[in-house]
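Peer 1: So you can see what is in the structure, the chains are spelled out below.
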Amino acid sequence: MSATRAAAPARRTAAESPRTGRTVPTLLRHLAVAAVAGVVVLAISYQLDSFRNFQLATVAAYLCATAGLTVLTGLCGQLSLGHGALMATGAYTVALCQNAFADRGVTAGGVLVLSLATAVLATVAVGAVVGVAAARLRGPYLAGLTLAVAVVVPALTVTFDGVFNGEQGLAVPVAPAPAALGFYFPYERWQLWVVTAATLLCLVLLANLVRSRYGRAFRAVRDDEVAARLAGIHVARTQVIAFVVSAGSAGLGGALLAMLAQSVSPGAFGLTLSLFLLMAVVIGGLGRLAGAVWGAVLLVALPDLTHTLTDLFTLSPAAAQRLEGNLPLAIFGGTLIVVMIAAPGGVQGLLSRLAGSLRVRWRRRRS
Amino acid sequence: MEDGLALHHIGVRFGGLTALDDVSLRVSPGEVVGVIGPNGAGKTTLFNVVCGFVAPHTGSLTLDGRPLRPRPHRLTRLGIARTLQGTGLFAGLTVLENVMAGASHAARTGLLPALLGLPRSDRDERRLRRHAHDVLDELGIAAHAEAAPGTLPFAVRQRVALARALAARPRLLLLDEPAGGLGAEDVAGLAELIRGLPRRAADPCAVLLVEHHMDLVMAVCDRIVVLDFGRVVAAGPPEAVREDPAVVDAYLGATVGEARA
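So the protein lines, in turn, are chains A and B.
As numbered in this note's numbering, the first sequence has no gaps in its residue numbers, which increase by one up to the final residue, 367.
As numbered in this note's numbering, the second sequence has no gaps in its residue numbers, which increase by one up to the final residue, 261.
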């Protein structure tokens, strides 16, 4: 994948260039960034209305999935057309868990953490199975396998409708916001906080991994498998690890989405979602967690944008509905083509290039 | 006890084609051994057998007298590193990261500590980075540590590939056509470097060299093995091999005499 290589050039952070000097610990650096992001979201959550809070929470939920996918596809070079299905796995697991808790009369808010953890574990298990198969496949065969996953998983929910309730899906009972926050505290703001906390945790873990020897092994395997093996890297194991980590992130993303919507149905996790996710990470900038943020924003903003667009024209309700269903995909596809031609590094690549040239100009002016 | 790598009567067939036929050779510690031969003589297949990419149909390998069943990703653990034709560098990694990747088997951090970003992961990375810097220093390319390989001249990239292999601290280094694409001046520098490998202060290593460039082979090798059509047609010190009629024949074949037919 030549696009993958171009999209993720070697990048350095200022914190690690001195060769022997002490550096800021990776964990500390990532936690600091996460803390800042958390505070910013917290502040913003008070400025936005409920709908915007909900949308921002949706961005955060998608971000888990896009971040996981960009690690897999951008860093490790494995294409996955099945991440929508992995999100479904997480979503249905959290639904089943929350229902099981509710049936037993456990309604404390804290059990959500348990349900989310179970959802991640379940998706990790599915990811391990798919990942082991995926590690043996390359190019179109890998695409085919993950495509099959994307199609099969939503179909399973209809086949076993006794458990998953078919096309209708399941409700996800979620505890209300803690009473300590006050009676009039908007529920969407609370949702945003919960989702943001989970997403930041996911991102910190992913960022740690990317900066470790595993991140280097991912990129080595992506660039040259033969050289990677000769360098002492177990290629298949590395690919499985990437797949499992990526799946876990997607599972968390799906679980958070289900928690936000308080329901889950197969329609939301079709093949289109998988394609959207892939396009989102490519447009955002493959192989970069910051690019995954742009991708997640796009995933939420685009349907909203098309809705606004279709409202501009007076259309028959049927035509408007058809347009709204297909327009996001068309716009996404169009954007993808434009971005690939104009900026193969995606939005994030473009931004870091801009920042780089600004820095050069600034330095020149100072000297 | 026989130290070093030994190949005993190795035979490899690809379908009806015999790539290697009863090839035996040995590389002892401190030696530079060259493998030469015309195109298709089986030189690269020989390397692929040692690396575990190709399983021999007959014969066996031993390392320090013990049977060797090579698998590519376990090779550096056994103290064997290999460079690839071209350079085979990781285009998306910096020079430094490429060299760090070469020492992958020395990285100890498990998945969980890496995910959690524990200090031990940082320590591991720092140790690898220092080691990689040392190797870059030794090869005189430390200035390029932060560069992307694609932006560097071929001769420098070739050295990076060598640095990546040396980062594994091998006892035996397999060099696959290291002079390919180099100018005369660079070849001279490379020759000096290869000569010095068995005498390095830290991590001295023996060298098995596959090369087309005759001047380089003659300059650096203690012994030379000549392959033709998958068979060893001559072996010995450079000056003896140079005069060997079988070698002259293999290389210049039809133009010198019709003995081959």
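Don't read these hints as lab results, they were simulated from the structure.
Treat the hints with care, as some may be off.
Output of the computed footprint for chain B on chain A, the stretches with three or more beta carbons under 8 Å from beta carbons of chain B [as the list claims (entries may be wrong)]:
#, stretch
1, 223-233
2, 250-263
3, 270-279
Chain B regions said to be covered by chain A (calculated; three or more residues, Cβ under 8 Å) [stated by the list, open to error]:
#, stretch
4, 54-68
5, 76-90
6, 200-207
7, 234-241
Don't be surprised by glycine CBs; every beta carbon is placed ideally from N, CA and C.
Peer 1: Taking the hints in turn, state whether each one holds.
Peer 2: Here is what the structure says about each hint:
With 10 residues having a beta carbon nearer than 8 Å to a beta carbon of chain B, the stretch 223-233 of chain A meets the requirement of three or more and the stated coverage holds. Residues of the stretch 250-263 of chain A lying with their CB closer than 8 Å to a CB of chain B number 0, which falls below the three-residue condition for coverage. Counting residues of the stretch 270-279 of chain A whose C-beta lies closer than 8 Å to any C-beta of chain B gives 0; at least three are required, and the coverage claim is violated. Against chain A, the stretch 54-68 of chain B contributes 0 residues with a C-beta closer than 8 Å to a partner C-beta. That does not satisfy the three-residue criterion, and the hint is violated.
Counting residues of the stretch 76-90 of chain B whose C-beta sits closer than 8 Å to any C-beta of chain A gives 8, which meets the bar of three, so the coverage hint holds. Counting residues of the stretch 200-207 of chain B whose C-beta lies closer than 8 Å to any C-beta of chain A gives 0; at least three are required, and the coverage claim is violated. Evaluation of the coverage hint for the stretch 234-241 of chain B: breached, as 0 residues show C-beta separations to chain A shorter than 8 Å, against a requirement of three.
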